[in-house]
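Novice: These are the residues of each chain, in order.
Protein chains: 2
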Amino acid sequence: MARIALDAMGGDHAPRVPIAGALLALAELPPQHSLFLVGRRDRLATELEAQCAGGKQPPGALERITIIDAPDVIDMSDKPSAAIRAKPNSSMVVGLKLHASGTADAFVSAGNTGAQMAASIFLLKLHEGLTRPAIAAFFPTARKPLVVLDAGANVDCSAEELVQFARLGSVYAQDILGRPNAAIGLLSIGEEPEKGNAAVKEAHRLLMQADLNFIGNVEGRDILAGENARAPVDVVVCDGFVGNVLLKFYESVPGMIVGMLKGAGSPPELIARTFEGFDYSDYGGAPLLGVKGVSIISHGSSSPRAIQNALGVALRAVEARMDEHIGRRLDRTAVRNA
Amino acid sequence: MARIALDAMGGDHAPRVPIAGALLALAELPPQHSLFLVGRRDRLATELEAQCAGGKQPPGALERITIIDAPDVIDMSDKPSAAIRAKPNSSMVVGLKLHASGTADAFVSAGNTGAQMAASIFLLKLHEGLTRPAIAAFFPTARKPLVVLDAGANVDCSAEELVQFARLGSVYAQDILGRPNAAIGLLSIGEEPEKGNAAVKEAHRLLMQADLNFIGNVEGRDILAGENARAPVDVVVCDGFVGNVLLKFYESVPGMIVGMLKGAGSPPELIARTFEGFDYSDYGGAPLLGVKGVSIISHGSSSPRAIQNALGVALRAVEARMDEHIGRRLDRTAVRNA
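Sequence lines, in order, name chains A and B.
Per my numbering, the first sequence runs over residues 128 to 465.
Per my numbering, the second sequence runs over residues 128 to 465.
Calculated directly from the structure, the hints in this document are not laboratory data.
Any given hint could be a false lead.
For identical chains, the list gives no copy identity; a pair is met inside one copy or between any two copies.
Below 16 Å or equal to it, Euclidean Cα-Cα: the simulated EDC-like pairs (lysine to aspartate or glutamate) are [stated by the list, open to error]: (1) K328 to D283; (2) K322 to D283; (3) K328 to D338; (4) K224 to E354; (5) K375 to E354; (6) K206 to E319.
One chain only, chain A, in its complex shape (with noise of 0.2 Å):
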């Protein structure tokens, strides 16, 4: 049984797509699962009230859905830390206070990105061990998906982080991805140990040593295929400056390219073909790794489905004990060094 907290003032088009993809999971999660909706109640209560007036909603929804009231709201050009200060009843600062205090198992948010990690490390506070959280970020690749992390949490980073955000990926992969013995690339500009800039030649040299899978490093043409020439890769390794860009460009990749079929004059149904199972809500929601819980980031413009789809990674998570696993293997590898 989980409980999952929901930033229903967050995103774009809040509250109304929050609530639809809140709607959405209710539908096919079971039973036992409920959600809390954090945000300003009275119009939390009127939206809810018309989505499920056309009587399409699945039987229990609305049981299974609380509202917590929180008058305030984190906007997109808040200053981060600025904002958690000044907005103690922000429905952020509320839904991460819900699952500090163990009344709820996780949160989602779309809202301000900034101030979802500022507060997470705040209020639910970092794993031992780790100086920095990590977002990691799914890409589809040609062969299975693979995680890319830090995908945006971190812009100048060290060696050492480099190798927290390794671990924090292989127990990632195993619990979400299921993929045990998770296969770790480093990110770097060609395959031989020497190349990359100085905090990436260092991190080749401690992952070497590190009890991880190691595959060394892959290159950005390695990404989408999805192996380097040594293995499968399953996760890979950057800072966060480099894996947002690459994010964010590849994000842009499946609009150019459907421009470009339709230009060439290709049936709709060729497009939308080409693309299935590659479209991003299909991932929905991009945990931020090493806060002592589970934090699930989310698009500004999320759509319902990949709200929808948020919720769920975030009960994968909670279902698979991943905060644990992550205390776990930090806590292995201090002994270690002790």
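With the hints as your guide, set chain B onto chain A.
Specialist: For chain B alone, kept in the frame of chain A given last:
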């Protein structure tokens, strides 16, 4: 009249492919232009004879080719700086010396990129005011193609170097793409000036004060759009680690999409039509900007058509007097800063 030196031993299928590319180029270039083919004289003569045997070569092609003997070859696996010292009679070093001495007006190679960079810096020298050269790569976009630099010459870049790249890219966009007053974007992870890593944030500040058409940060998603929220972009500035990862990632996209299209049952003609104008061999060569001269870097896996196009880029750079313009642009800056 331009005389271009081509490293006939550079690339995965040398000397066959460079020679085929040279013959393609001569068939299209006006008759006043000529080529030096640099490499093992006997192998080049045999290959040239074989390729001309069919009688399909343009009249007078052979008279416009001069073979320059260079018995050594720098392999892809050679360490760059060691190789240029150990192999002074390699096609790479001999070809660049032809250019440095003024016998040739430009140099093109599909060989070891690191060695080409090291030898270009050593033999041609950098323009005053520069600490590093940069590789400028074409990116096809939904609008006009744009230039990304640095695409891999430098891994750790200072803010000042990013500004140097902006100056180099501005001249390149003007001379090769015909875009006066080129719009410069700085690659970052958000549009606000305070987003990015330390070097990028400082570069943003410096670019605001520079005599350049700086349009602010561009994000990963803006590249294929060919514009940020403010304006179309001609030149994207980034460090060589990010640029190289992005370039190799982008180069791998068409292969994956073609696979998806085939999987969806797309007819081959539609695929060909879709990717018309998107072929990387249309762009062919990436200049190493900042050295005194014209040194064009091609992929090791270049096709004859890619070599032909790299020779075309070299010719345009010579005819536009790009090198002189870069010198002048940097001098002007030096005077202003003095």
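Novice: So which of the earlier hints does this model not fit?
Specialist: Hint check: 3 and 4 fail, others pass.
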